[in-house]
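Protein chains in written order, with our numbering: chain E, 1 to 306; chain H, 307 to 526.
If you are wondering where the hints come from, they were derived from the structure by calculation, not from laboratory data. There may be inaccurate statements among the hints.
[Claimed, not checked] Which stretches of chain E does chain H cover? Using the computed rule of at least three CB atoms under 8 Å from a CB of chain H, they are:
id, segment
1, 72–81
2, 105–112
3, 144–158
4, 162–176
5, 181–195
6, 259–267
7, 290–298
[Claimed, not checked] From the derived model, a few chain E residues whose C-beta atoms are all more than 12 Å from chain H:
id, residue
8, His6
9, Val66
10, Gly84
11, Leu91
12, Pro116
13, Ala118
14, Gly119
15, Ala121
16, Glu219
17, Glu270
[To be verified] Below, simulated BS3-like cross-link-like pairs (lysine-lysine); rule was C-alpha separation at most 27 Å, straight line:
id, chain 1, residue 1, chain 2, residue 2
18, H, Lys520, H, Lys445
19, E, Lys283, H, Lys407
20, E, Lys204, E, Lys296
21, E, Lys283, E, Lys204
22, E, Lys283, H, Lys385
23, H, Lys308, E, Lys204
24, E, Lys20, E, Lys85
25, E, Lys224, H, Lys347
26, H, Lys385, H, Lys506
27, H, Lys385, E, Lys296
28, H, Lys520, H, Lys506
Given the structure is predicted, the values throughout are model-derived calculations rather than measurements. We put the beta carbon where it would ideally sit given N, CA and C, even for glycine.
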Amino acid sequence: MDVLFHSVRELVERAENEGKLISEIMIEQEMLISGRTREEIFSQMDRNLVVMEEAVERGLRGVQSVTGLTGGDAVLIQKYIASGKSLAGDLLLDAVSKAVATNEVNAAMGTICATPTAGSAGVVPGTLFAVKNKLNPTREQMVRYLFTSGAFGFVVANNASISGAEGGCQAEVGSASAMAAAAIVEMAGGTPQQCAEGFAITLKNMLGLVCDPVAGLVEVPCVKRNAMGASNSLVAADMALAGVTSRIPCDEVIGAMYRIGQAMSPNLKETARGGLAATPTGKAITHAIFDGGDLKSLLKSRAANN
Amino acid sequence: MKFTSVFDIIGPVMIGPSSSHTAGAARIGRVARDLFGRQPKWVKIYLYGSFAETYRGHGTDVALIGGLLDYDTDDERIKTAFQEAQAANLQFEFFPETANKEHPNTARLVMGDDENEMSVEGISIGGGKIEISEVNGFKLRLTGGMPAILVVHDDRAGCIANVANCLAMHNVNIGHMEVSRIERGLTALMVIEVDQNIDKRIIDQISYIPHITKVSKINN
C-alpha cells in the first residue's frame, strides 16, 4: 500500500516542504488510503472528539470501576485545584485530572475512544481539554489535534508497537504521551520539527515502562500512569516550544522503544505475573477480586497501614 | 503495514477497559460469527497468552460472547453479554490454555449448531485491530478490516479460476487473495479480500461451482 510517510522524518519533511501542518498530511493520507472525502474523515474524527469529551465529563462527575479498585480520583484532583493550593500549576493538574477521568470511565466499562489503546485513552483528551482553556482553539483545531496525535501514533504502530502485551506500557502510555506532546506543540503554533522534538523528548522518558496491571485489570497502575503521561506531554511540549531538541532523533527513539519491548520479560507485558501485580498487595488484591475475598476491607486496612 | 488508517490509532470508540482485550475480542467474536454464517448454538473458547492470564478482568470473556451475538465494540450490551447469551440460546465455555502461541493475545473459538461446526482462531494485535490466523485448521491472514470471502474447496485445477471468474462477472475487484491446503489433492481454502461487501446472490452462485464445498463471508 502506498502511503505518504513511513517515518517521522518523512512526515516532518513532507509537512515542511509543502508548508503544511502535520495534521494536514495525516488527513491527506487518510483520504488517499480510504478513498473518502475530507468532510467524511473530519466528521468521523469529530465524533471521536465528542466521545472523549463525554468521557472526561462523566469521569469528572465521579465513577467507580466494577471491582471498586479505582474511581473518584479525578474529582479529588479537581477539588484540590479549586482550593488554590496546587504546586505544579492549574493547567498541568487539570490535564492530569482529565486523563484520570477518562481512564476511570474506561475501568468502569464506560464508553471511551481508544487513543491509541483503551488503557492509554486518557492522555490525549486529558491534555487537549486542559490546553483548550489556555489556547482557545477552534473546533477544527481540536479535531486537528487528534489527527496530529494519530500521525505520530501511525508511525509508532507500524514501526514498533502500541500494545502493552507486545511492548509493555511504554508502547501504550508512552506512545500516547509522545503523541499528545506533538499535538500540543502544533496547537500552540510550533513547527512540524518541534512537534517531532516534543514527541522524541516524551517517548525517551517513557522508555522501559513495564505493563504490570494488578489482577490483570486496566486500573492499577494504568489510571495514574495516564496522569503522569499527560504531565510528561505538557512538559516536553513546553521544552520543544522553548527550542530544546532531542539529541536522539525521533525515529531512532521509536526503534529503541521497539527493541526494549522485545527484550522485556513476558512477565512484564500485561500478563500480571511481574512488577506491581506480583507485589504482596497486588497478589492480595487479585485474590480478593477473583477468589471471593473482601476487597473493600483489604483496601481499607492497606490505607490505614500506610 | 499492519495499521493503515488514522482511525486504527484514534479509535475505535468502545466499551472499556482494554482495546486489545475487550474491543479486539469483540471483533474476533463478531468475525467468527460472520464466518459461521449465523449465531452458533454453542461455543468453546480457548484462550492463550495474555488472554488466558487476564481475560476475566479485561472483560475479554463478555466481549467475545458479545461479538458472537453480533455486537459492535461500543455496544453497551457487551457488559451483560452472558445474560444476553442465555436469552439468545448460546451456550459457552472458556478454557484458559498454557501453550505458547505466536502472538500473546490469541483466542480459538470452536463453535457449532445442529448443522455445522467450525473453528476460528483470532489474534488481537493492539488498539482494537485483529487478524484471523486460522479457520478449520487452515493457516491464513485476514485482517477483518476489509470485506472478504472464504471458500473451502477440493484441491482441483480450475477451482480458483472459476471463483475469480464469477467475481469478475459481477464486477467485484479482488484486493488480496491467498490459497492454502492441508494436503495436496484434498481440501483447500481460498481467502479473498474484496473492495465491497458481496451480496448473498453471488455467494450462492459461487457455492454452485463444482468442487466448492463451503462459502463464508465477512462484511465490513
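Would Val66 (chain E) pass as off the interface with chain H, using Cβ distances and a cut of 12 Å? 9 Å, violated
Within a Cα-Cα threshold of 27 Å, do Lys308 (chain H) and Lys204 (chain E) meet the stated pairing? 24 Å, holds
Counting residues of the segment 72–81 of chain E with a beta carbon closer than 8 Å to any beta carbon of chain H, are there 3 or more? violated (count 0)
Check whether the Cα positions of Lys204 (chain E) and Lys296 (chain E) lie no farther apart than 27 Å. Given that 27 Å is the threshold and the Cα spacing comes to 38 Å, the pair is violated.
According to the definition I'm using, a residue is off the interface if its beta carbon is farther than 12 Å from all beta carbons of the partner; does Glu270 (chain E) meet that for chain H? Violated, because the least Cβ-Cβ distance between Glu270 (chain E) and chain H comes to about 5 Å, which does not exceed 12 Å.
Verify the coverage statement for the segment 162–176 of chain E against chain H, using a C-beta to C-beta distance below 8 Å and requiring 3 or more qualifying residues. With 6 residues close enough to chain H, the hint holds.
For Leu91 (chain E), which was marked as not at the interface, is the minimum beta-carbon distance to chain H over 12 Å? 23 Å, holds
With d taken as the least Cβ-Cβ distance between Pro116 (chain E) and chain H, does d exceed 12 Å? 5 Å, violated
Is Gly119 (chain E) truly not at the interface, in the sense that its beta carbon sits beyond 12 Å from all beta carbons of chain H? Per Cβ check, Gly119 (chain E) is inside 12 Å of chain H; nearest 6 Å; violated.
Examine the segment 105–112 of chain E for residues whose CB is less than 8 Å from any CB of chain H, and state whether their number is three or more. Check passed, 8 qualifying residues.
Quickly compare the C-alpha distance for Lys20 (chain E) and Lys85 (chain E) to 27 Å and report which way the hint goes. 41 Å, violated
Under the criterion that the straight-line Cα-Cα distance not exceed 27 Å, is the pair Lys520 (chain H), Lys445 (chain H) satisfied? OK: Lys520 (chain H) and Lys445 (chain H) at ~17 Å, within 27 Å.
Consistency with the previously given hints fails for numbers 1, 5, 6, 7, 8, 9, 12, 13, 14, 15, 16, 17, 20, 21, 24, 25 and 26, ordered from lowest to highest.
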